[in-house]
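Let's have the full structure, built from the sequences with the hints guiding it.
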Amino acid sequence: MTALAALIRRDISIALRVGGGALIGVLFFLTVVVLMPFALGPDLPLLTRLGPAILWLGALLASLLTLDRLFTADHEDGSLDLIVMGRTPLELACAAKALAHWLAAGLPLIVATPVLGLLLNLDMAATSAVALTLLAGTPALTFTGMIGAALAVTLHRGGLLLAVLVLPLSIPVLIFGVAASEAAISGPVPFGAPFSILCALSLVSLVVGPFAAAASLRHGLD
Amino acid sequence: MRLLASGLTCVRGGREVFSALTFEAVAGELLAVTGRNGSGKTSLLRLVAGLLTPAGGSLALEGGDTELTLPEQAHYLGHRDALKPALSVLENLQFWRDFLGGKPFDPAESLATVGLAHAAHLPAAYLSAGQRRRLSLARLLAVKRPLWLLDEPTSALDTTGQDMVTGLMRNHLAGGGLIVATTHAPLGLTSKELRIGGEQ
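If you read the sequences in order, they're chains A and B. For the first sequence, our numbering gives the first residue as 2, with consecutive numbering after it. For the second sequence, our numbering gives the first residue as 30, with consecutive numbering after it.
Hints were generated in silico from the structure; no laboratory data involved. Just so you know, even glycine gets a beta-carbon here, dropped at the ideal spot from N, CA and C. Treat the hints with care, as some may be off.
[Claimed, not checked] To spell it out: a stretch of chain A is covered by chain B in this simulated footprint if at least three of its residues, at any positions, have a beta carbon under 8 Å from a beta carbon of chain B; those stretches are:
id, segment
1, 70-82
2, 87-100
[As the list claims (entries may be wrong)] Derived Cβ-Cβ restraints for the label pairs, each shown as a range:
id, chain 1, residue 1, chain 2, residue 2, range
3, A, L136, B, L33, 51 to 57 Å
4, B, H147, A, A201, 51 to 57 Å
5, B, A56, A, F212, 35 to 41 Å
[To be verified] Restricting the straight-line Cα-Cα distance to at most 25 Å, the calculated cross-link-like pairs of lysine to any residue (SDA-like) are:
id, chain 1, residue 1, chain 2, residue 2
6, B, K173, A, G87
7, B, K221, B, T38
8, B, K132, A, R88
9, B, K173, A, I9
10, B, K132, A, G87
11, B, K132, A, V85
12, B, K132, A, L91
13, B, K173, A, A7
14, B, K173, A, T3
15, B, K173, A, R88
16, B, K132, A, I9
17, B, K132, A, A7
18, B, K173, A, H76
Here it is as structure tokens:
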């Protein structure tokens with residue numbers, strides 16, 4: 002347990018320090034959402050209607066942006082060798098790294114959502130609904146994205162490959178995330194159905210992600 | 030304790046680096062791996078560390094902890110230092126101590142042994158190549174492992190640093206440890222030589 006706690010603590014403190022990725026994701030999220038009203042024009046009903054989708058797209062792209070460094074940084078400086086050799090099972094170490102990434106880069110996106118909701122003319126109930134779906138859905142983005150990050154680890158400039166690999170896997174999360182938000186705001190579908198599927202997607206990726214990532218790391222080390 | 034390798038073959042990128050390599054080393058022994066550049070010294074260490082899969086042959090550590098695999102009982106000191114520039118010297122060391130499961134220790138003492146006591150709170154980004162090497166060596170002291178795999182442990186170190194490494198290795202061997210080290214220069218210890226890739 003101390004090993005995993007140490008790994009989580011280290012990754013979070015690196016992400017929060019100068020040069021870490023935590024703030025970059027939030028700033029990117031902010032930029033995407035702030036630009037939308039300018040691009041779409043001052044049509045308030047349209048913004049309200051598109052709001053949940055814009056917030057979800059912003060969060061998806063922002064979490065992809067920092068995900069490619071999840072294993073690459075450790076691979077480049079040799080830390081990954083020692084993590085693979087260590088007595089902690091690699092699957093658990095992968096899960097710990099993804100959890101740290103979500104805490105440092107995913108959680109701030111959710112915290113920023115209520116503020117950004119104001120820009121998209123979403124009322125309090127609607128923003129809370131979107132924030133809740135993001136809270137349930139972003140772990141799925143991180144844990145499936147981790148598989149792509151592990152596959153891209155030995156490739157130089159694997160960032161683009163990561164996007165190509167991970168985006169198809171994130172489409173279900175996007176569909177049900179936006180569907181659940183819209184169900185909460187305007188109906189007529191009950192909120193429970195898409196939200197349960199979203200939670201299910203997160204739970205599945207929580208289990209599958211670490212195993213797939215660990216397998217690809219073991220195979221890909223050279 | 031005995032490290033046994035028989036018929037070890039390494040293939041990388043479709044090219045056979047070395048084949049049918051057989052060696053053994055017993056506790057208290059230093060195995061010095063020599064050979065020209067590209068002969069596969071680093072590959073051999075990474076094979077033993079479990080970071081590469083051998084194309085043939087077998088590796089075993091006899092008399093070690095039966096609950097643990099060979100890589101789990103080894104320290105690997107590679108060319109890359111496994112240090113995070115954003116963390117301080119002390120934080121780097123403490124992280125590896127916690128992650129690799131070392132016992133509680135006095136970090137100041139470990140750092141003093143490798144000559145980094147004055148830099149404990151400095152971010153690792155500001156360390157020189159030699160100081161980074163010293164910090165990596167401190168990891169070997171913070172966590173006890175019977176088998177040390179050292180890839181040119183004295184590279185980038187000054188004369189005092191090289192003597193320090195010799196001292197650390199001598200202590201480890203005296204304590205019943207086992208070392209496999211690649212080297213170009215003599216390490217200043219009695220060692221068994223393993224030459225790979227023919228004559229230089």
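Evaluation of the provided hints:
Against chain B, the segment 70-82 of chain A contributes 5 residues with a C-beta closer than 8 Å to a partner C-beta. That satisfies the three-residue criterion, and the hint holds. Beta-carbon proximity to chain B at under 8 Å applies to 3 residues in the segment 87-100 of chain A; the threshold of 3 is reached and the given coverage holds. With their beta carbons about 53 Å apart, L136 of chain A and L33 of chain B fall inside the hinted range of 51 to 57 Å. For H147 of chain B and A201 of chain A, the Cβ-Cβ distance of about 55 Å falls inside the hinted range of 51 to 57 Å, so the restraint holds.
The given range of 35 to 41 Å is respected by A56 of chain B and F212 of chain A, whose C-beta atoms sit roughly 37 Å from each other. For a cut-off of 25 Å, the pair hint linking K173 of chain B to G87 of chain A stands: about 13 Å separates their Cα positions. Restraint check for K221 of chain B and T38 of chain B: the C-alpha separation of about 21 Å stays at or below 25 Å, so the hint holds. Restraint check: the Cα-Cα separation between K132 of chain B and R88 of chain A comes to about 14 Å, which is no more than 25 Å; the hinted pair holds.
Using a Cα cut-off of 25 Å, the hinted pair K173 of chain B and I9 of chain A holds, with the two alpha carbons roughly 23 Å apart. Between K132 of chain B and G87 of chain A the CA atoms are separated by roughly 15 Å; this keeps the pair inside 25 Å, and the hint holds. As the CA atoms of K132 of chain B and V85 of chain A are separated by approximately 20 Å, the hinted pair is consistent with the 25 Å bound. Restraint check for K132 of chain B and L91 of chain A: the C-alpha separation of about 21 Å stays at or below 25 Å, so the hint holds.
As the CA atoms of K173 of chain B and A7 of chain A are separated by approximately 18 Å, the hinted pair is consistent with the 25 Å bound. Between K173 of chain B and T3 of chain A the alpha-carbon distance is near 17 Å, which keeps this suggested pair within the 25 Å criterion. For a cut-off of 25 Å, the pair hint linking K173 of chain B to R88 of chain A stands: about 13 Å separates their Cα positions. Of the pairs offered as hints, the one joining K132 of chain B and I9 of chain A holds, with about 19 Å between alpha carbons and a cut-off of 25 Å not exceeded.
Annotation: proposed proximity of K132 of chain B to A7 of chain A holds, straight-line Cα distance about 14 Å (limit 25 Å). Note on K173 of chain B and H76 of chain A: the hinted pairing holds, with a Cα-Cα distance of about 24 Å set against a maximum of 25 Å.
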